[in-house]
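Asker: Could you build all of it, start to finish, from the sequences and the hints given here?
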Amino acid sequence: MNPFVPHQLQARGLTLRMGERTLVEALDLSIQPGECWLVLGENGCGKSTLLATLAGWLKPATGSVRLDNQALGNWPPRQRTLALAWLAQHDDSPFPLTVLEKTLTGRHPHLGRWDWESADDIALAKQQLARLDLAGLEARDLATLSGGERRRVGLAAVLTQQAPLLLLDEPLSQLDLRHQQQTLAVLREERQAGRALAVVSHDPNHAHDFASHVLLLFGDGRWLAGPVADVLTAEHLSALYRYPVTALQRDGMAWFVPA
Amino acid sequence: MTAPLTRARLALTLIAIAALTLCAVVASLCIGSTSYRPWQLWDGNPDAALVRDVVFSLRLPRTLAALAVGGLLAFAGTLQQILLRNPLADPYVLGTAGGASVAALLALLLGMGAGALALPAGIGALLTTLIVFALAGRDHSTRQTRLLLTGIALASFCGALSSLLLSLAPDGLLRGMLFWLLGDLAGAHWRLAAISLALLLALVWPFARDLNLLSHGMQSAHALGVDPRRLRWLLYLVASAATAVAVTTAGVIGFIGLIVPNALRIALGHDTRLLLPASALTGGAVLLIADIVSRVILAPQQLPVGVITALAGVPLFLWLLQHRGVQR
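Note that the protein sequences, when read in sequence, are chains A and B.
Start counting at 1 in the first sequence, then tack on 2, and there's your number in the working numbering.
Start counting at 1 in the second sequence, then tack on 496, and there's your number in the working numbering.
Quick caveat, the hints were computed from the structure, so don't treat them as lab data.
C-beta atoms are modelled at their ideal positions from N, C-alpha and C, and glycine is treated no differently.
There's no promise every hint is true.
Partial list, computed: chain B residues near chain A (C-beta under 8 angstroms) [to be verified]:
no., residue
1, Pro500
2, Thr509
3, Asp549
4, Arg581
5, Thr641
6, Pro702
7, Arg726
8, Ala808
Examples of chain B residues toward chain A, derived with CB under 7 angstroms [claimed, not checked]:
no., residue
9, Ser652
10, Gln715
11, His718
12, Leu720
Derived CB-CB ranges, DEER-like [to be verified]:
no., chain 1, residue 1, chain 2, residue 2, range
13, A, Thr17, B, Pro811, 37 to 43 angstroms
14, A, Asn76, B, Ala649, 42 to 48 angstroms
15, A, Gly114, B, Trp729, 20 to 26 angstroms
16, B, Phe653, A, Asp70, 51 to 57 angstroms
17, A, Asp70, B, Met608, 54 to 60 angstroms
18, A, Asn76, B, Ala507, 38 to 44 angstroms
19, B, Leu812, A, Ala141, 24 to 30 angstroms
20, B, Leu516, A, Glu191, 46 to 52 angstroms
21, A, Pro79, B, Leu699, 18 to 24 angstroms
22, A, Pro78, B, Leu516, 20 to 26 angstroms
Answerer: Here you go:
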């Protein structure tokens, strides 16, 4: 891993609206180096909207997103992307694109206008692909891969960017059980290296051994944020999903299942 | 393509395409109502001076015009495909060329000289691109059917407007106006087209890696530090300008902007750093070959080159449409 400057990302009084609906109201959040935030909530509750806003793609209705105490919009795009990487929910290309080409796009912020991807960049991209069990697929066209494989390629591109802050919108969706665990292990390594992560997921159990904090979005403006132990309870999750959830204890950890 | 693009592969590929283009140029100069062998131009034969005259004052300008116009169309097609994130976009299919031609016809009808038509044609091209985008630009579905249908509807509308203007035109203007509908390289002026192509290519190429990212998606482009909104304006303007110059030079010639970039994507991959210059070169070569065919196929009669490109282009367009339908 390259050494990097730690950054912190803050949301201050962030209100997100979609049409008439208020998704999130006055959210205060601070993502520090080494923290991993798991973002949970129903479909359409504003998880992706929040990540897109934290990435500077969408403008909040009110409030601000600050990167190192400076408004995100004031950062020059290139400096911003050296600090902050964002895996959007959909990133399908209508054109033919190989796995390696897609992964190398992560190097764009590191290259000057006239630079070309170097052998080091290619080695780094291949290394990230190998970590996500994609070695050997470098030359394949993305369109020929399965949904889960494409998702992992997207994540490999984001890791190749080597930004200290990672905003990941459902990186584990469409992945099978083994690849989910493998990918979680990779993200855990990133966190241990000092990176900060915000990860959208639909499985509260992904928090185990992985998340330090949890953000629950109720979709009607209410939100709940804090350390895993405080926020991740059967009671809160039942309210969040509007469906009874119970905690099963195993090896001293709570596993959440529909009741 | 298996390996990522390198500078060396870029240069080698362009040299190879340039060599093939040169072959087409030699063929274009030698083939015609009288055909020559290349060496006849400089042998001691008393006819050599006459031959040189025919080749350099008649065939060379037409050849250069074909190269420049074909290059502009393929270049504009590549840019519009990236702009709309749809491989089926093309100045002809989306009505950009039609808009340019209607505006030029209108200007002719209002008494503007044939030399000053690039400006109204440019405005027409820009307007049609904007209309297509305003009506269908928010179509975020993967297939973007609405976008394509809007473009095709607009293209038909421009065709109808052109016919209307033609039927209103006095007989004296009719012959000159008909040229705009068919697409013809006879008597085309190559200088403006060639200079425009070189300038526009030089303007856009430095942004080629940004364009790669934009073509993968607006959000991922933003996530990697590209300002998609600003870049898209550049694409609008440049694609419209390229189309306008192509149309004012040679009338409406269809499908070069569709065939060439898509064929090159299959052969060379989608890296815009290679695709842009390769499209410009290959587009020129393809239009030149179409022009040779149009001169030879019913010789001594010459067909408008637009007829040839449409005859070859429509089946290919339909094939692409089918192919994509299966893949997605």
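Asker: With 8 angstroms as the cut and Cβ atoms as the points, is B:Arg581 at the interface with chain A?
Answerer: Holds: closest Cβ of chain A sits about 5 angstroms from B:Arg581, inside 8 angstroms.
Asker: Does the closest beta carbon of chain A sit nearer than 8 angstroms to the beta carbon of B:Asp549?
Answerer: Interface hint status for B:Asp549: violated (45 angstroms vs cutoff 8 angstroms).
Asker: When the nearest CB of chain A is found for B:His718, is that gap smaller than 7 angstroms?
Answerer: holds (5 angstroms)
Asker: Quick one, is the B:Gln715 hint okay against chain A at 7 angstroms, beta carbons?
Answerer: holds (4 angstroms)
Asker: Evaluate the given range 51 to 57 angstroms for the C-beta pair formed by B:Phe653 and A:Asp70.
Answerer: holds (53 angstroms)
Asker: Could you say whether the range 18 to 24 angstroms given as a hint is met by the Cβ separation of A:Pro79 and B:Leu699?
Answerer: holds (20 angstroms)
Asker: If you take the shortest Cβ to Cβ gap from B:Arg726 to chain A, is it below 8 angstroms?
Answerer: With Cβ-Cβ at 10 angstroms, over 8 angstroms, it is violated.
Asker: With a cut-off of 7 angstroms, does the beta carbon of B:Ser652 approach a beta carbon of chain A closely enough for the hint to hold?
Answerer: Status violated, d = 24 angstroms.
Asker: Could you tell me whether the CB distance from B:Leu812 to A:Ala141 stays inside 24 to 30 angstroms?
Answerer: holds (27 angstroms)
Asker: Taking the least C-beta to C-beta distance, is B:Pro702 closer than 8 angstroms to chain A?
Answerer: For B:Pro702, the interface hint holds, since the closest Cβ of chain A sits about 6 angstroms away, which is under 8 angstroms.
Asker: Given the range 20 to 26 angstroms, decide if the beta-carbon distance of A:Gly114 to B:Trp729 lies inside it.
Answerer: For A:Gly114 and B:Trp729 the Cβ distance comes to about 23 angstroms; the hint holds.
Asker: Using the Cβ atoms, figure out if A:Asn76 sits within 42 to 48 angstroms of B:Ala649.
Answerer: Because 43 angstroms falls inside the window, the suggested range holds.
Of the numbered hints stated above, those contradicted by the structure are hints 2, 3, 5, 7, 8, 9, 13, 22, listed in ascending order.
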